[in-house]
Amino acid sequence: MPSIERRTIDCEEALRRLAEYLDHELGDGLEAEVEQHLETCRSCFSRAEFERGLKSRLRELRHQPVDPAFESRICELARGFTTS
Amino acid sequence: MARMPNPPERERNDWFCDQVRLHLPELYAAARRLTGNDADAEDLVGDAVARAWVHLESLQQPEAFRGWIFRILTNAFISLKRKRDARPVREPFEEESYSTEPSFSLFEHLHQPFLLWWSNPEQAFLRNLLREDLKAAIDALPEEFRVVVVLCDVQGFSYREIAEALEVPVGTVKSRLSRGRSLLQKELWEQAQDAGLAVPKPSTPRKRSEDAIH
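Protein sequence lines correspond, in order, to chains A and B. All residue numbers for the first sequence refer to my numbering, where the first residue is 2 and numbers rise by one. All residue numbers for the second sequence refer to my numbering, where the first residue is 20 and numbers rise by one.
Certain hints may be false.
Straight line, CA to CA, 27 angstroms or less: simulated BS3-like cross-link-like pairs of lysine-lysine [unchecked claim]:
hint: 1; chain 1: B; residue 1: K154; chain 2: B; residue 2: K100
hint: 2; chain 1: B; residue 1: K205; chain 2: A; residue 2: K56
hint: 3; chain 1: A; residue 1: K56; chain 2: B; residue 2: K193
hint: 4; chain 1: B; residue 1: K205; chain 2: B; residue 2: K193
hint: 5; chain 1: B; residue 1: K102; chain 2: B; residue 2: K193
hint: 6; chain 1: B; residue 1: K100; chain 2: B; residue 2: K193
hint: 7; chain 1: B; residue 1: K102; chain 2: B; residue 2: K154
hint: 8; chain 1: B; residue 1: K154; chain 2: B; residue 2: K205
hint: 9; chain 1: B; residue 1: K154; chain 2: A; residue 2: K56
Between beta-carbon pairs, the in silico distance windows are [claimed, not checked]:
hint: 10; chain 1: B; residue 1: A83; chain 2: A; residue 2: R63; range: 12 to 22 angstroms
hint: 11; chain 1: B; residue 1: Q142; chain 2: A; residue 2: G28; range: 23 to 33 angstroms
hint: 12; chain 1: A; residue 1: F46; chain 2: B; residue 2: E209; range: 20 to 30 angstroms
hint: 13; chain 1: A; residue 1: G28; chain 2: B; residue 2: A83; range: 41 to 51 angstroms
Read the hints as simulated data drawn from the structure, not as lab findings. The structure presented is a predicted model; accordingly, all values stated were derived computationally and were not measured. We treat Cβ as the ideally placed atom computed from N, Cα and C, and that holds for glycine.
Chain A with its partners taken away, still in its complex shape (with noise of 0.2 angstroms):
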């Protein structure tokens, strides 16, 4: 049976491929290569930290709290739809 061979890469790939792989945007593959050089990197890791971090930072937005007027408003709106 032939081993599978994991190509292993340096800090310039792996930060290359850092934005998709922390967006899940990589194939198995290619994840699993980065992830391999972030378990081996001090450095690199902390960067993926960060960015990881800060991306959920940004998911913190994902919800607003509505103003009740206008959630009314909407509600009236699409209740409105079925009697056109």
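Given chain A's structure and the hints, the job is docking chain B onto it.
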């Protein structure tokens, strides 16, 4: 012979209203970030909800409602933007001027050797960021980049979903996202400096090669 391929109108509308109400905080958050102000955000959500009702037949699976209505919201925003851009009020967006600018990494600016003794400056920076700081930084982005950053980083859509919503290739989404994030980080860095939270570098923090020396 009773045939009920579709639920009755009233039931459909109840379901639609529930979905709208459920997703409203998210739709409004996205609209607010995309348009940059409350009045336009409210108009945009109203417009998207109206379009969604008209095109409800095109929703294949009820559980796909969120992605579907966000796509409608994005399209509504883009057509408003096109209408506005068609009027020669603003300078058209120049992508080239950004593509020549070097990318900016907040991490590289925070991760300085002389700061490393102090626990972890990058994580401390993230913890101390106010939501208002993040909102202001997003609002400051040029529209072209703001849209992809909002859809990807704030709302969590995939590159493919964004590409479909914007009707551009996935590669364009990636490059705009990369540029948008770089501009966002630069904006956060400048805000932090203005607030006295970060130390300005002695040399102009423009080129990555310069930063690497320090």
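Results for each hint:
1. K154(B) / K100(B): 20 angstroms, holds
2. K205(B) / K56(A): 15 angstroms, holds
3. K56(A) / K193(B): 15 angstroms, holds
4. K205(B) / K193(B): Measuring from Cα to Cα gives roughly 18 angstroms; hence the hint holds.
5. K102(B) / K193(B): Holds, at roughly 25 angstroms.
6. K100(B) / K193(B): Holds, at about 21 angstroms.
7. K102(B) / K154(B): 25 angstroms, holds
8. K154(B) / K205(B): 14 angstroms, holds
9. K154(B) / K56(A): 13 angstroms, holds
10. A83(B) / R63(A): 12 to 22 angstroms: For R63(A) against A83(B), whose Cβ atoms are near 18 angstroms apart, the range 12 to 22 angstroms holds.
11. Q142(B) / G28(A): 23 to 33 angstroms: The hinted range 23 to 33 angstroms holds for Q142(B) and G28(A), with Cβ atoms some 30 angstroms apart.
12. F46(A) / E209(B): 20 to 30 angstroms: 27 angstroms, holds
13. G28(A) / A83(B): 41 to 51 angstroms: 24 angstroms, violated
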